[in-house]
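K.L.:
Here's the letter readout for the chains.
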Amino acid sequence: MKVAITVNGQETTADVEPRLLLVHYLRDVLGLKATNIGCDTTSCGACTVLLDGESVKSCTVLAAQADGSSVTTLEGLSSGPDDLHPVAAAFRAEHGLQCGFCTPGMVMAAVGLLSENPKPTEREVRDGLEGNLCRCTGYHNIVRAVIAASGQDPDEVTGTSLRPGVERSPAGGVAAAPGFSTGGAE
Amino acid sequence: MIPVGFEYVRATSVDEAISLLVEHGEEATLLAGGHSLLPVMKLRLAAPEVLIDIGRLSELSYIRVEGDEIAIGAGTKHRALEASELLAKECPLLPAAAHTVGDPQVRHRGTIGGSLAHGDPASDLPAAVLALGGTIVLRSPRGQRTVPITGFYTGVFSTVRDPDEVIVEVRVPRTGGAGWAYEKFVRRANDWAIVAVAVVDGRIGLANMGPTPLRASAAEAALADGASIEEAAALADQATDPVSDVPATAEYRRHLARVLTKRALTTAAGAAG
Numbered sequence: 001m002k003v004a005i006t007v008n009g010q011e012t013t014a015d016v017e018p019r020l021l022l023v024h025y026l027r028d029v030l031g032l033k034a035t036n037i038g039c040d041t042t043s044c045g046a047c048t049v050l051l052d053g054e055s056v057k058s059c060t061v062l063a064a065q066a067d068g069s070s071v072t073t074l075e076g077l078s079s080g081p082d083d084l085h086p087v088a089a090a091f092r093a094e095h096g097l098q099c100g101f102c103t104p105g106m107v108m109a110a111v112g113l114l115s116e117n118p119k120p121t122e123r124e125v126r127d128g129l130e131g132n133l134c135r136c137t138g139y140h141n142i143v144r145a146v147i148a149a150s151g152q153d154p155d156e157v158t159g160t161s162l163r164p165g166v167e168r169s170p171a172g173g174v175a176a177a178p179g180f181s182t183g184g185a186e
Numbered sequence: 001m002i003p004v005g006f007e008y009v010r011a012t013s014v015d016e017a018i019s020l021l022v023e024h025g026e027e028a029t030l031l032a033g034g035h036s037l038l039p040v041m042k043l044r045l046a047a048p049e050v051l052i053d054i055g056r057l058s059e060l061s062y063i064r065v066e067g068d069e070i071a072i073g074a075g076t077k078h079r080a081l082e083a084s085e086l087l088a089k090e091c092p093l094l095p096a097a098a099h100t101v102g103d104p105q106v107r108h109r110g111t112i113g114g115s116l117a118h119g120d121p122a123s124d125l126p127a128a129v130l131a132l133g134g135t136i137v138l139r140s141p142r143g144q145r146t147v148p149i150t151g152f153y154t155g156v157f158s159t160v161r162d163p164d165e166v167i168v169e170v171r172v173p174r175t176g177g178a179g180w181a182y183e184k185f186v187r188r189a190n191d192w193a194i195v196a197v198a199v200v201d202g203r204i205g206l207a208n209m210g211p212t213p214l215r216a217s218a219a220e221a222a223l224a225d226g227a228s229i230e231e232a233a234a235l236a237d238q239a240t241d242p243v244s245d246v247p248a249t250a251e252y253r254r255h256l257a258r259v260l261t262k263r264a265l266t267t268a269a270g271a272a273g
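Chains X and V supply the protein sequences, listed in that same order.
Here the first sequence is numbered in the UniProt record's numbering, starting from 1 and rising by one per residue.
Here the second sequence is numbered in the UniProt record's numbering, starting from 1 and rising by one per residue.
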């Protein structure tokens with residue numbers, strides 16, 4: 001079947017099998033390899049892209065379902081290494097990555113999160129990135145990066161509020177997490 | 001993982017989807033968000049020959065007040081339930097339960113109709129709709145019928161939906177200021193409930209305590225007879241049939257049902273007003 005998907009602002013078309021997954025369309029048909037395949041079971045979030053502005057796991061979307069839609073991948077986020085998107089820049093500034101495998105999905109999920117909640121609390125960031133796993137367990141700086149990308153100071157944002165009654169929250173914030181230094185005076 | 005090959009058709013209306021279901025019979029399966037169907041197809045546990053995509057039908061995506069009820073289009077995504085100001089005011093249990101489904105990416109795709117149709121006993125929304133006493137509206141070539149959720153499930157992953165029927169709407173009561181709570185127990189982020197308990201207005205729905213979502217009828221009756229929360233919660237696992245599997249034994253699930261029911265009833269009592 002023929003699909004037409006706008007990817008990173010460019011119209012793309014291809015004749016594909018209906019069973020082709022969106023992530024394979026991006027990687028194998030278009031050659032856009034920033035989007036990683038991690039678990040391939042909708043769990044890890046490494047394949048997260050924006051579909052019509054919302055974060056989705058592209059291993060669980062058919063290219064056919066995206067026909068007529070607009071997709072943004074990490075490649076489409078920044079115009080170049082010297083002009084990074086604010087979220088990508090914040091990941092660099094806060095060292096929000098270790099091995100880097102989860103990073104494209106983590107950044108796209110963060111972009112989606114901030115579009116829905118521009119000034120999240122720390123708890124809301126952790127909740128909003130629930131669908132993205134970092135196998136290095138580098139969450140601390142990832143959360144800081146997302147808070148920084150929202151224009152807030154990661155050393156100040158420790159709010160733990162979600163909608164009342166929805167979820168209980170652990171006490172403390174980034175700065176209060178045991179065993180971590182945020183670089184400030186102890 | 002690649003699914004077995006299939007034919008893909010995007011329906012442009014519910015009526016067209018029904019015609020396609022009639023045309024292709026049991027070889028066809030409806031595709032909405034695909035977050036239950038595509039994973040099992042990738043594992044090759046399902047291999048439908050035709051997928052009829054109803055995921056883009058705007059006629060199935062709405063949340064509106066109709067009298068004493070709220071009508072929700074079956075194609076309404078979990079994210080829309082979660083973010084609905086109307087539901088937050090009129091039926092707060094539903095957005096709270098929707099918020100616990102999967103993770104944000106899943107909630108951007110999954111739909112309430114798909115979740116109810118799939119019939120996974122560990123799902124959040126069936127237990128919540130059961131506690132709400134909701135109804136499910138199905139459309140077929142024979143017309144439209146309304147099935148109370150108490151009579152919708154027949155077993156694990158099975159419902160009274162006929163192969164040529166489309167779930168078009170879910171109706172739940174406006175619960176307003178009635179006390180409510182949703183308690184879900186998981187060991188990992190974005191996981192299925194090991195057990196979950198939905199409470200609203202004295203009704204208790206249990207997820208993953210049997211092959212279908214269940215009401216904790218004995219606990220509800222005890223509450224109605226004036227029992228304390230502790231006394232009622234101790235009955236929450238009566239007439240349930242939980243499985244033993246990797247995350248939990250049946251006995252542990254029974255324990256969780258009692259503990260989570262106590263927490264939920266306590267929260268609900270505090271939230272009423």
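Source of the hints: derived by calculation from the structure; they are not laboratory data.
Please read these numbers as outputs of a predicted model, since none were measured by experiment.
Where is the CB? At the ideal position from N, CA and C, for every residue including glycine.
Hints may contain errors.
Said to hold, decoys possible - Derived BS3-like pairs: lysine-lysine, alpha-carbon spacing no greater than 30 Å straight-line: (1) X/119 / V/42; (2) X/2 / X/33; (3) X/33 / V/42; (4) X/2 / V/89.
Stated by the list, open to error - Partial selection, computed: residues in chain X whose CB lies under 8 Å from chain V: (5) 34; (6) 36; (7) 40; (8) 128.
K.L.:
Work down the list of hints and note, for each, if the structure agrees.
P.N.:
Now the hints, each set against the structure:
{"no.": "1", "hint": "X/119 / V/42", "in the structure": "37 Å, violated"}
{"no.": "2", "hint": "X/2 / X/33", "in the structure": "22 Å, holds"}
{"no.": "3", "hint": "X/33 / V/42", "in the structure": "21 Å, holds"}
{"no.": "4", "hint": "X/2 / V/89", "in the structure": "44 Å, violated"}
{"no.": "5", "hint": "34", "in the structure": "17 Å, violated"}
{"no.": "6", "hint": "36", "in the structure": "14 Å, violated"}
{"no.": "7", "hint": "40", "in the structure": "6 Å, holds"}
{"no.": "8", "hint": "128", "in the structure": "6 Å, holds"}
Hint compliance for this structure: hints 1, 4, 5, 6 are not met, and every other hint is.
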